[in-house]
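Participant: Using the sequences plus the hints, can you model the full thing?
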Amino acid sequence: MKWRRYIGVDMRGNEIRVAGLRRNWRRGAELLQSRVKKIMPVPISGDSLKEMSQTTEQALVKSLRQVLTPVTQNERRLALSLPDRCGYVMNLKLERFSRSRKEGMEVVMWQVRKLLPAISDLQADYQVLQRSATGSVGVLVVAIEKRLLGLYENLIRKAGFIPEYVGFYGLNVYRHWRYRLEPEGDAILVIMNEDGIILQTYRDGVLEYYQARAVGGQDARQVQELHRIVAGGRSQHFSGLGRCRVFLHAEKAVEAATLEALNECFGRKLQILEGDEENPPALTAALGAAECVMMGG
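Take the sequence shown: its letter number 88 is residue 88 in my numbering, and every next letter is one higher.
Calculated directly from the structure, the hints in this document are not laboratory data. Heads up, a few of these hints could be off.
[As the list claims (entries may be wrong)] Distance ranges between label pairs, derived from CB positions:
hint	residue 1	residue 2	range
1	LYS146	GLU264	25 to 35 Å
2	ASP276	GLU106	42 to 52 Å
3	GLU182	ILE272	14 to 24 Å
4	GLN236	ARG76	42 to 52 Å
5	ARG180	GLU264	18 to 28 Å
[As the list claims (entries may be wrong)] List of simulated lysine-lysine pairs, BS3-like, C-alpha gap at most 27 Å:
hint	residue 1	residue 2
6	LYS158	LYS93
7	LYS50	LYS37
8	LYS37	LYS252
9	LYS146	LYS50
10	LYS102	LYS114
11	LYS93	LYS146
12	LYS146	LYS102
13	LYS50	LYS38
Positions of the beta carbon are idealized from the N, C-alpha and C atoms, including for glycine.
Facilitator: Written out as C-alpha cells, the structure is:
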C-alpha cells in the first residue's frame, strides 16, 4: 500500500524546519524524516521578501529545493507555517453568525476590516470554535496581507512545491501539543522562541484568548512582556483559571532564573513540554502543520 507523506515546513529567521509524516493508525502520526537547515545568510521576513532581488530569490529557491526534496521525495504538497508577526490571529465573539460558509466569511471580513482599518488588502479564514445555546458564536480568525502571502506561496511554487495549507507558528505549536492540553479542559500555553512570546488560554478545551508579542528572543524581555499581558488581562482573560495547569513550550533550554520568574507570573509551577531526539522543540511547528493537514484541521 502506498502511504502519503504529509510535509510540514516552518520558515522562520534564516532557518527552515521540515518534517515528513505518514498516518499511523495506532500512534496517529509517524515521523519519517526531518531536517533543520540554515538557508539564508539573513533572516527571511516580510520586509526582506518584499525587497528581495531576483538573484537572491533564485538562490533561496535553489536552497529550498535542496532542503525539501530529501524529505518530500515524490510529494509536492506542503503545509507551511509562518511566524505570527506575518499576520493576525483573532478570537471573536459574535452574537449572530450564519452556518453558511459564504455568509460567515462576509461577516468575518467585515469584522477584520473594522479591527484593522489601516490594512486594505487582507486574506482571512475562520474556524467556528463554539456555539452557545443563546446563539452567540466563538470564531477563530486568521488574516494576512495578500501580497505577503503571495510572496511566500510563490517562493514555494518556484521551488517546485504546492502550498496546500498556510498557518501561523503559535497555532501549529498548539496543534502538535493538543493531545497534552485537550484532556486538561482549562489550560494556559506559553510559547517562547527567537521572535518573542505567545500566550494562549483554553476553557473546556476551546481557545479563548490568544496574544503574540514580537519582543525578540531575550528571556528577560519576554518575561517582562508576559507579566504585562497577564497583569493587564487578569480580570478579563484569566478569571477562573487560577488552578489550571500552565504549559511552557520553549525552543531552547530555559534557565532556572527565567523559569522561576515564569512560575512567579502565574503563581504556580509551569509544566515544560519537552520533545525527544526524534521530535526536538525546533520541529514542533512543522510537525503541527503537517498534523493539521493529516488530521483534517
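Participant: If a hint holds in the structure, say so; if it doesn't, say that too.
Facilitator: Now the hints, each set against the structure:
At roughly 42 Å, the beta carbons of LYS146 and GLU264 sit outside the given window of 25 to 35 Å. Between ASP276 and GLU106 the C-beta distance comes to about 45 Å, which sits within the given range of 42 to 52 Å. Distance hint for GLU182 and ILE272: a CB-CB separation of about 18 Å, consistent with the stated range 14 to 24 Å. The beta-carbon spacing between GLN236 and ARG76, approximately 45 Å, falls within the hinted interval of 42 to 52 Å.
The hinted window of 18 to 28 Å between ARG180 and GLU264 holds, with their beta carbons roughly 23 Å apart. Proximity of LYS158 to LYS93 is assessed by CA-CA distance (about 39 Å); at most 27 Å being required, the pair is judged violated. At roughly 22 Å between alpha-carbon atoms, LYS50 and LYS37 fall within 27 Å of each other, so this suggested pair holds. Proximity of LYS37 to LYS252 is assessed by CA-CA distance (about 16 Å); at most 27 Å being required, the pair is judged to hold.
Taking the CA atoms of LYS146 and LYS50, the gap is about 12 Å. The hint holds against a cut of 27 Å. A hinted pair counts as satisfied when its Cα atoms are at most 27 Å apart, and LYS102 with LYS114 qualifies at roughly 19 Å. Of the supplied pair hints, the one linking LYS93 and LYS146 holds, its CA atoms being roughly 25 Å apart against a limit of 27 Å. Restraint check for LYS146 and LYS102: satisfied, since their Cα atoms lie roughly 19 Å apart, inside the 27 Å limit.
Taking the CA atoms of LYS50 and LYS38, the gap is about 20 Å. The hint holds against a cut of 27 Å.
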